[in-house]
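Enquirer: So the protein lines, in turn, are chains B and H. Here our numbering is used: the first residue of the first sequence is 1, the next is one more, and so on. Here our numbering is used: the first residue of the second sequence is 221, the next is one more, and so on.
No lab work stands behind these hints: they were computed from the structure.
A partial selection of chain H residues facing chain B, derived with a Cβ cut-off under 10 Å:
no. : residue
1   : Gly324
2   : Lys326
3   : Phe328
Stretch by stretch, here's where chain H covers chain B in the computed footprint (C-beta under 8 Å, at least three residues):
no. : segment
4   : 46-52
5   : 59-68
6   : 159-165
Pair by pair, the computed Cβ-Cβ distance ranges are:
no. : chain 1 : residue 1 : chain 2 : residue 2 : range
7   : H       : Ser331    : B       : Asp67     : 12 to 22 Å
8   : B       : Gly5      : H       : Asn337    : 26 to 36 Å
9   : B       : Val104    : H       : Asp334    : 36 to 46 Å
Idealized CB from N, CA, C, for every residue including glycine.
One-letter residues, chain by chain:
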Amino acid sequence: MTIRGIIDEISDTYPHWDIVVIDDGSNDNTREEVQKTRAKLIPLLVNTKGVGTVLTAFLIAAKGKYDYLVKIDGDGQQEVSLLNLLVDAIKTNHADIAIGSRYVKKQQETDSFIKVIGRVTSSALINFKIRGKNKISDCTSGVRAWNADSIQILNKLYYKQPLAHDSVFWVREAVVASNNALKIIEIPAFYHKRAHGKSKSFSPVNMIIFPLRLLGILIS
Amino acid sequence: MVEVYSVVGFIIGVIIVFLSLTRLRKQSISQGTFALWIIVGTVLIVLSTIPMLIYAIQNALGTQFTLSAIFGISFVFLITVVFYLHQKVDMLNQRITKLVAELGAKKFLDSHNDEKNSFQEKNND
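Isolated chain B (complex conformation) (with noise of 0.2 Å):
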């Protein structure tokens, strides 16, 4: 599925959601595409490798005062069905944070098996290092929603402490979440093969480097 149809779809399921299309130095034709529909379009000054995107959404829902806040990537391979199950979880199970779980329910694999091994190592890492306090299968899901208290708690700490990298952004947010006592749930979510573009937090380079980032949350 394209932006466009992504867009349309969101537009259609939940007339009354306020769509932000935060374009962080896309070189397709994002920017045209979303100019015909509904959301609104903030292209980034600079390519902020995905974690400008995070802080602007914070940003926007954190002094918009908005009840929910809402994320789901560009790319198509997450339901839009799965949008406002992840803000029932939330009412339902007074959490402050949902997050899709490819691991909830069993299903079959559309990644690399270095791209697996990489995302159930750090979520066993990551459920250690917050041991108690939530858990969680999918650590670096992308799918996510968040409260108003979780969006105030956590647009304030990412403006205070050093930002993490893109690859480790949401394993980081999963511990600092934990730490400030903010309830995490999951629900069962269906990821479907990239359609288009390549993923760039998995480049050979970051591959090598991802562990070592995730040692640094470990340790700090």
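Put chain H on the given structure of chain B with help from the hints.
Expert: Chain H alone, transformed into the frame defined by chain B:
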């Protein structure tokens, strides 16, 4: 007899001191950068004009050749500078990311507020 590397070291030291002073006068470098490079330039000039100091350092380090001592000291110095610069670049990168995010959010919130205001004005009319 004057060694060639002493002459080269002296010339480089003078150039570093000269450039540091002129750039500081033009206010194109910070006091911190000036302090670092004026020390480097002065050390180069002193070591080039008093070769006995290099031999003393060579003895202290226990290297067989004078050049090895110079190479060793240069290597440690450069690694330190690279480490310092890497930290600076990382810090600046983080600041840029936060600034870019603030600008992006401001753009959205401003247009959102404008839309709200125009909607309210229409309703009032």
